[in-house]
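**Q** With the hints as extra help, turn the sequences into a complete structure.
Residues in the sequence shown are numbered consecutively from 1, following this note's numbering.
Everything labelled a hint here was simulated from the structure, so no lab data went into it. Check each hint, because a few of them may be wrong.
Mimicking BS3-like on lysine-lysine, the simulated pairs with C-alpha atoms at most 27 Å apart in a straight line are [unchecked claim]:
| hint | residue 1 | residue 2 |
| --- | --- | --- |
| 1 | K145 | K114 |
| 2 | K130 | K163 |
| 3 | K114 | K77 |
| 4 | K163 | K80 |
| 5 | K101 | K130 |
| 6 | K77 | K145 |
| 7 | K145 | K163 |
| 8 | K80 | K145 |
| 9 | K114 | K101 |
| 10 | K77 | K156 |
| 11 | K163 | K101 |
| 12 | K156 | K145 |
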Amino acid sequence: NLAFNYTGRKNFLSVLEVADQNNENADHAGNGFWNDPDMLLVGHDGLTLEEQKAHFALWCLMSAPLMLGNDPRNMDKEEKAILLNREALAIDQDPTEQGRKIIVRGDSEIWLKKLSNGDRAVVLLNRDPKGSATITLQWDDAGLKGRKLLRDVFEKRDLGRFKNSASFELGPNSCKFLRII
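**A** Structure follows, in structure tokens:
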């Protein structure tokens, strides 16, 4: 689960604990001086594929340095696809700001990063390890108005135009990584 602990360390920190900690320091990040939430666990045993996607999406949204904490020769094609996703990498490398958590509703969260071209990158995150959740992003929460095109970053496809909000059903410990255009 996303509470997977880094191996070989005392006082284990989970992926989400590290993300929360990094979020608290978002105001201190910027072009040329990014916060470092630590190595990626994508490709490590212990995280499901959906948890690996959520982990990578959060690190990209937070403009984190993307360093692998594993041997890439031992990764399967799905794990490599997560890490080699050019759309996700472009969001990580966008110099505008470190993304941050903007909404918390129980185990449901919305994280947002403003991009240099005016688009928004969003991670809708279900932190519940057992249950599904419907998460709704309101345009007002993202500083947007009108009809917007949503693009699924992991699926690499447009989802259509939405007006004022969009809702998604997410499984346990999973996310929806979106670009709002």
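**Q** Now look at each hint and say whether the structure bears it out.
**A** Results for each hint:
no., hint, result
1, K145 x K114, "holds, 15 Å"
2, K130 x K163, "violated, 31 Å"
3, K114 x K77, "violated, 30 Å"
4, K163 x K80, "violated, 34 Å"
5, K101 x K130, "holds, 22 Å"
6, K77 x K145, "violated, 38 Å"
7, K145 x K163, "holds, 8 Å"
8, K80 x K145, "violated, 36 Å"
9, K114 x K101, "holds, 12 Å"
10, K77 x K156, "holds, 16 Å"
11, K163 x K101, "holds, 22 Å"
12, K156 x K145, "holds, 24 Å"
In summary, the structure is inconsistent with hints 2, 3, 4, 6 and 8 from the numbered list given earlier, while agreeing with the others.
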